[in-house]
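S.K.: Below, each chain spelled out in residue letters.
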Amino acid sequence: MDSFLEKLIKELNSKHPQGLGDVCIVFPTQRAGLFFRKHLARHIKQPIWAPEVLSVENFFRTLSGSEVPDQLTLVMELFDVYKTYFPDESFDRFYHWGSMMIKDFDEIDRYMVDARVLFKNIKDLKDIDEEFGFDGEELEALKRFWEAFLGNGEDLSNLKKSFIKTWSCLNDVYSQLKVNLNKKGWAYEGMVYRQVADNLQDSEARAKRWKHVVFAGLYDLSPSEEKVIEHLMQQGLASCYWDADSYYTDTKNFEAGAFFRNSNLTQGNFLWKEDAYATLEKKINIIGAPQAVGQAKTAGLELEELSLLPGFVAENTALVLPDENMLFPVLHSIPEAIKTINVTMGYPLKSTPIASLMFLVGRMQKNYKKGAFYHSDVIQVLSHPYIQYLEKDNSALFKWKQNYFQIGWIYLSTKHLSGATVPSFFSTLFQRPESTDEVINYLLGLLNMLQKSIETKRSNSNRASLESEMIFQYFSHLKRLHTLVQQYKTELSGEILWNLFNEITASVRIPFSGEPLNGLQIMGFLETRALDFENVIILANNEGTLPAPMRSHSFIPFAIRKAFGMNTHEHHDSRYAYYFYRLLQRAKKIYLLYNTETKSVTGGEKSRYIMQIEQELQKRFPQQISIEHKQIAPDIAKPQAMPITIQKTPEILAILKTKKQYSASALSNYINCKLSFYLKSVAGLHEPDEVDDSIDDAMFGNVFHKAMENLYRDAGLLDQAKGQILKKKIEQAVDGAFTEEYPGAENRFEGRNLLLRKVILELVNQTLQMDLNDPEKPINIEKVEEKINLPFSYKQGEEPIMLNGIIDRVDSLNGRKRILDYKTGKVDKKDSSEMDFFFSDPKYKILFQTFFYGLLYSKTYPNTTIQLGIYPLKKLSEGIHFPKKDNANLSQDELNEFENRLSNLFSEIFDPTTTFDQTDFEERCVYCAFKDICGR
Amino acid sequence: MQALTIYKSSAGSGKTFTLVKEYLKLVLVEPKLYRNVLAITFTNKAAAEMKSRILESLSGLAEGKEQAMADSLIAETNGVLTDALIKNRSAETLSLILHDYSGFAVSTIDSFFYKIIRAIAREMQLPLSVEIELDIDRVLSMVTDKLYESMDNNPILADWMETMVSNRMSEGKGWKIDTQIVAVARELLNERLATRDQNYDAKAIKTFSEELWKIRKDYEEKVKVLGERGTKILDMYNLDFTDFPFGLNGFGTIFPKAIKNPGTFDIGTRMQVAAQDDSRWYKANDPRQTEIEACRPELLPIVKELVYLRQEGAVYYNTACLVLHNIYLFGIAEDLLKNLKNYREEQGVLLISDISILLHNLIKTSDTPFVYEKAGSIYKHFLLDEFQDTSNVQWKDLHPLVSHSMSSGNFNLIVGDAKQAIYRWRNGEVELLLNGVKDSLPQYSSMIDYKALKTNFRSKKEIVEFNNLFFEKALEQVIAQLERDEITDLDLLKEAYRGEDAKQIVSDQHKEGGYVKISFLENTKTEKKKKKGQETVEALQDEEDEPKKKWKELACEGVFSTIETLKKEGFSYGDMAILVRSNKEGATITNYLIDNNITNVISPDSLMLESSPEVRFLISVLSFMHNPDDSISKANIHFHYYTIIDPKPETDLHALFSHFNKKSDSKQTAPLPGPIMKQLVMMRKLPLYELTEQLLQIFNLHQKPNAFIQRFQDIIYDFIQKANSGIQGFLQWWDEYRESEKCSLLLPENQDSITVMTIHKSKGLQFPIVFMPFMEWKMKPEANKPKTLWVSTNEEPFKPYCPLPVPLNEAMAKTYFSAEYKQELTQYYLDNLNLLYVALTRPEQRFYGFCPTMDSEKINSIGALLPAVLKAGWAWQEFDTFELGATAPPVQKKKNKTTPISLSRILSGPWNERISIATKGKGKMDAFTLDESDRSVLDLGLLIHGLLQEIDTVDDIDSALQRLEFEGMVEPAEKDTLRALLDYLTQHRDTSFLFEKGWDVKNENDILLPDGTVLRPDRVMFRQGQAIVVDYKTGLPHESHAKQVQEYAHVLSQMGVLDIQKYILYLRTNPADTFIQQLP
Ligand code: SF4
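Just so you know, the protein sequences line up as chains H and E, in that order.
Numbering-wise (the working numbering), the first sequence opens with residue 1 and increments by one.
Numbering-wise (the working numbering), the second sequence opens with residue 10001 and increments by one.
Keep in mind that the hints were calculated from the coordinates and are not lab data.
Do not take every clue at face value.
[Claimed, not checked] Mimicking PhoX-like on lysine-lysine, the simulated pairs with C-alpha atoms at most 25 angstroms apart in a straight line are:
| no. | chain 1 | residue 1 | chain 2 | residue 2 |
| --- | --- | --- | --- | --- |
| 1 | E | Lys10338 | E | Lys10176 |
| 2 | H | Lys399 | E | Lys10778 |
| 3 | H | Lys165 | E | Lys10115 |
| 4 | H | Lys350 | H | Lys366 |
| 5 | H | Lys875 | H | Lys859 |
| 6 | H | Lys885 | H | Lys826 |
| 7 | E | Lys10742 | E | Lys10045 |
| 8 | E | Lys10822 | E | Lys10778 |
| 9 | H | Lys350 | E | Lys10722 |
| 10 | H | Lys161 | E | Lys10396 |
| 11 | E | Lys10173 | H | Lys875 |
| 12 | H | Lys826 | E | Lys10787 |
| 13 | E | Lys10341 | H | Lys161 |
| 14 | H | Lys728 | H | Lys706 |
| 15 | E | Lys10025 | H | Lys252 |
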């Protein structure tokens, strides 16, 4: 069976034997025109002038002589009018409402509705019968609405006031906008249609520039369109060719045929109605697959199978994406057998990488405060793929980042972002624009810089041209905004401007259009209009995606729209149904995929079309239609983690013996998990020092320790007088600690850091108080952060190994030395007599560590009386925790026992027959940095 | 006719069948009515299911199938419907619905309300672009960030936050308060709070808290003073407080206690007695009798007062203390709300929880009809499903619609089961189903009809009967317990479990063949062996936070061996489900089964993406790309590379791990194939999604199907749709959510695997075999999971600040909030009973439960409830295994239409070389650089080219320029330059002839050639058999230019044009440099 375009060509060639050079053909899409021309070439023997091919919009524009401004201009124009009624509205907020209003006006004109009557403000229900010329259902609906509005005559509520306030202005706004546009020779789309329909004589004259106009493959024309076409046909200037099938035109209620049944243009016998569904054999595959990627991959594999069949031609195959966001998953899933891919669709600008970069830049600028950017914003921007293009080999950026990771600035001011070593693009990126003009220029500059480097680095690649196209689209919208802002003198400051960008990009689609028309066609749903393919694969056949949801918001209440016969969801549904069934009309192999995942917003419910096909189509034409169902669900088996065991090779033993110094935390780590000890202490794997801005244990601990060190360094005897002096120094000690530990933080004590600072101040203060009030006072501070290295022979005949440790604080009190540790974590009170556990249970980690320090100290300073103590910072109110019963001092027996056990531990570590393996207790893995290696 | 029927439908009683039937009763009588019936469900899934059930029924009825449905319809419509009528009307309705699917109104309550809200967004001053944010956690954490920021210029807030931190620290809980803040925020979103009429005022709260402190201090002072006075009197009489009967345990301790713990000490029985009966102040022959008698008159009033103060008199004080406990929450609530509001506005989002509340605020006024009219709601009949989970606010929003419908005598329907209400934490209000609806429609109460669906169509006889008796007895036990606890208002419980529907009738299809077995397991508390050296590792284990109890181990064993037996009996894994209370319990049983080689298990845990080594590998690659210095992710990449991607049995793990420590030279070649590492660094330039595809290709991960990878890709796909971010952003997100359900595989149906799931998730499902391995949980609020309750009282000074957030604990019983506490307790019991009900009603054939032997008198946990119920119902002997019914073989099931298949591999390949796309942008951007001097000749040429294309004659210049501007191609200033050039072209004698009127112009029109090539001469003009062909060029003259024009001419002559003049127009920025060249 001939495709619609083939049929059209044959028809037109016979009707216009002298050639089509003077004929204008109006198609629903520009795309159809391209295909038409391509097909036409097959029918000629010598060169010919191609006919003019126009979309409906362009045809009407040509007939009207008005220019149609872009959306932003229209909204600006509307805003100008609107402001006189509502002076308080800001532009970014208005942008959306404005677009909606224009859409309403557009429909009013397309449907040739009398706006004055429509926007009537009904004060009394009685008026309704007189004011409107309706009856029946429409009148009822209208009455119900106004009845609900008027209520029982009580005062209007705020909500109603707000409604009527806008409503009563709409007619004035509408007329004024039209007057203003007219003055400039401009019009919005619907206004164009109405102009053409209202001035049929002029329109006809203009249409005479062609010998004949052919309307091909149109559907669901609005009253204004119908009026014009009907007139031109009556004048013999035009003819119409429809593409309908009796299956849906002749079935009552079938929404896909509604237009053909109702329009004046298609009464009686019209050209053309086929019986394709009744005669052509079709194989329909209905396939459920999970989510977007699942569908893309499934479609790819089906396509692969299809491509192996004899007679497969890629050109005759369309892969249709009702959800354009799926383009990239789909592109990646096209089987190798297909050599050429052609993409035609409107890709959402907001899904492009450039939009994401601009979004990140916007956020960075929005969070700019007190002369600095926020580190996480900056890093997000710098990690964006496009930024990687800006430097030849990224070495400067890499170095800068390395530095950043090491130092951990939290706020980045110019100091951090400029200088000789930073990448050169920093100067463009990290500006601080203020005015509207500056902001736009800043962004334009960025875009330019990107465009250049992407083009030079990836010249000639298709991806590059795709990306340039995206950047260009963004660029031109910005540019346009720039112009308009200047023209309309709209000053949009900071936030508003950034928000506006997001608003604008949210609604823009990039018109991708593939040429030449070879290979597999990947298309948006609307782009398929008037085209035919033998094989059709449609993804996302889910309610909510196909049919696309209708724009449901409008200033005009539903009842009123309905009464005036304006666009309702019936029209919308009918259009989509027609596109769908028309696309399938001549297709032979059809694949309908749907998302089976019910949790996602767009999944779960199969599209109505699938149900129509299952319930009706097949039953109607059992000979012609065969359906196959498939469900894709991946097999799931719980992945098993591989056990990891490290044997102690001589090399490892050598490392253990020679290189290592053993600290309490390394040994605790060993007790916790041998493998993690190995990975950290032997293999030397270290976590990167990521900057974290939250009140995080590590940060808290670091700052507190440092602060105490600052405060008590050289403090000596803590008598009352010293106490007074120290008290005054607390703030300085804490702030100093912040600066040393987290450079840059001191500049912006706010938010969490402010709270953290307060908490630490409080704790330092409490600690000092406690020390000053000790019942046995005064305390004498001996050492803070005392580093001790101790050679330790764990076994006769073996080289001693080095133990080391830093003791938070040593002080003396009443003739004993106290070894004190500040603990920021939870301090479980455990029985210190159970020394066994010290070496097997990480819960005893704190005891292990304090005893370890005790051992270090007593060996270094023999014959001292030692008491071990812990400051539980989480519960300082409970005072120092002395792990030994009755706060006893450390006994020699205990030291000996500890030493023995420690020796045993080392013997085990050095025992070549034991291995480093994973702990059996998975709960110990929760905070382990190597979780991902072990799969725990 | 009844205008509202409320169906109470127990588990398995054919609720959906009934709903569908009622729907059909409406539409089959009047097919067009489908547009006016709104059926409301709770989830999207349920809505989709309901739709397909209705469609299936219609299609079945149209074909004369579904006789059961047809019979009910005929019977229930008193013959209005006949077989023939049903057949015809079903076909008609089916066709109507299928072709007006948007009018087929089965919707979730949220999306229905959302539609309404959108229609009045403008009037409510909501942004139009408003989106529904489902991810409340994300919002709350953002709002928390903002809260911290706003501390800067809000000293009161800073104060509260500090208080919060120090309060927590003094409880030993650490300084991280984010979780707390998020919890408060979540509370505030709760509709009960969100709809209260109260504004917080930080200053007032400050005053209030000071007042509370004072109450507290005054009281304690008072008690202390009394205690001191008592002590002094004793001193005076030379007595010690131990000199009273029972000495150290006697009532005399009241004095030192009053001094030491004035606010917390308890009044014992002896003190009470002493206050009432002064004859008990000394024993017979007490040596100190005289002194005691002497001091008694002075002391007695003190004791009396103390007893009073610590008992009745303490309520005031207790309330103050309780309120003080969370006062900081109260303090920050206001700011939190403010931030939340700002966030919504800035981001243009609504939280899913906002919708019904917004609507609620409107509906309170007389606007209701207007609101629904504006949205075009045209419903006359409402069918509400799962009504037990409906919240008060939701019902209030629906109320006007339903009552309006009832007033017109239209039929409405409510279906629900109070026993299956397990979503109280989502505001589900079970009381509505029981009485609330009726109470809220007083004027229509005669039109409301309660009906019960009594037959159980799900389970075998023994199971139905077991549950009937079980819950009858369980209710008795629970009531008895609560009454012992002095809770008497138990109507809620009784009504839920004593309704008509509670006793289910066994259906004819399901006679004998059911089986229930509950095993009681030894529950020795693993004692800590004190003896040194004997400590085994296992024993230590029991000390970990969540003790692995012995009975749990036994339960796992029991489940495992039962599964083995069942397999032998012919059951398949797919027939079995294991129900647990938490995912953690799920992991316990899953791991046990897997360790014992039953791997066909699907559990929430095994579905986590992070459990897949491939996914972890991909994550480590991303981390590496983000920070190439990160030695752990490097090691991770290599480890996984050599173990899963390219497994080498001989891999030297040490060499691999130690390769990347910081000390080694990072320039050193990696053990990974060098090019790959390099490539990875290069690939940072790719957008995230594309990156994953390329990684699959590089590492050959696409050769095999892998559910985890595919889901991972989908997560990334979704992430970029929403978050607009790159690698770093994703890694951050991953870190936050890797353990959440978001990063889990989606549970596919129809797998031959044992499903492990929580009871909550199992609602609405059924399985031939159900296991409950861990039948023991508390029925009361648990102390280790602190909860906040917002409560009210009429007492001063609390009243004006209510509702107040207080910690839910037993202390509440002795405050002004005791009634609320008791109510909450009752609710807890109901919740837990319901949970058990849901679990026990899932099985079709068999139920296996495992429970520890408990020796608790109190019925405060399921483990204590079970034996009590079994004893009461079945005269069961303590600690035996409970068994009922007989084991029957599996029932053959009908096959599902389509068995799911797995993809053969993950298809992934490059597209770059294959795609073709026409681009507009290339080169054009430079044309618009800000700097004029930057503009290259070529770019300008492109522009003018575009312009000339639109210009047939001089008259078209303006509109052409205008159009270019609308397209964003030129700025006004640039227009002037272009215009100058155009003016020059149209006016200069050399070129003006090109733009004369009177020519027939083909402006960039296509010439088609038979071989398919298309020529597009820039401009061809015709007049009376004469033609001019022109091409525009911007570069330097080149011979190819002439050749091209000659070709045009040649083709034109083929088309029959004889007289042809040929020109090339060289365009230049400076008009004067422009020149035209004629070709021979
Ligand atoms: S994840 Fe667990 S087993 Fe692996 S190293 Fe860390 S603690 Fe050891």
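S.K.: Evaluate each hint against the coordinates.
M.R.: Consistency of the hints with the structure:
Taking the CA atoms of Lys10338/E and Lys10176/E, the gap is about 22 angstroms. The hint holds against a cut of 25 angstroms. For the proposed pair Lys399/H and Lys10778/E, the alpha carbon gap of about 57 angstroms is over 25 angstroms, so the pair is violated. The straight-line distance between the Cα atoms of Lys165/H and Lys10115/E is roughly 22 angstroms, inside the 25 angstroms bound, and the hint therefore holds. Taking the CA atoms of Lys350/H and Lys366/H, the gap is near 19 angstroms; set against the 25 angstroms cutoff, the hint holds.
For the proposed pair Lys875/H and Lys859/H, the alpha carbon gap of about 31 angstroms is over 25 angstroms, so the pair is violated. With a CA separation close to 20 angstroms, the supplied pair Lys885/H and Lys826/H stays within the 25 angstroms bound. For the given pair, Lys10742/E sits about 18 angstroms from Lys10045/E by alpha-carbon distance, which is consistent with the 25 angstroms threshold. A threshold of 25 angstroms between alpha carbons decides the hint, and for Lys10822/E with Lys10778/E the separation of about 16 angstroms falls inside it, so the pair holds.
For the proposed pair Lys350/H and Lys10722/E, the alpha carbon gap of about 10 angstroms is at most 25 angstroms, so the pair holds. Proposed proximity of Lys161/H and Lys10396/E is supported: the alpha carbons are some 24 angstroms apart, at most 25 angstroms. Our distance criterion of 25 angstroms between C-alpha atoms is met by Lys10173/E and Lys875/H, whose separation comes to about 8 angstroms. The suggested pairing of Lys826/H with Lys10787/E holds, with an alpha-carbon distance near 22 angstroms, which does not exceed 25 angstroms.
Straight-line distance between C-alpha atoms of Lys10341/E and Lys161/H comes to about 24 angstroms, which keeps the hinted pair within the 25 angstroms bound. Our distance criterion of 25 angstroms between C-alpha atoms is met by Lys728/H and Lys706/H, whose separation comes to about 17 angstroms. Distance restraint check for Lys10025/E and Lys252/H: the Cα-Cα separation of roughly 24 angstroms lies within the 25 angstroms cut-off, and the hinted pair is therefore satisfied.
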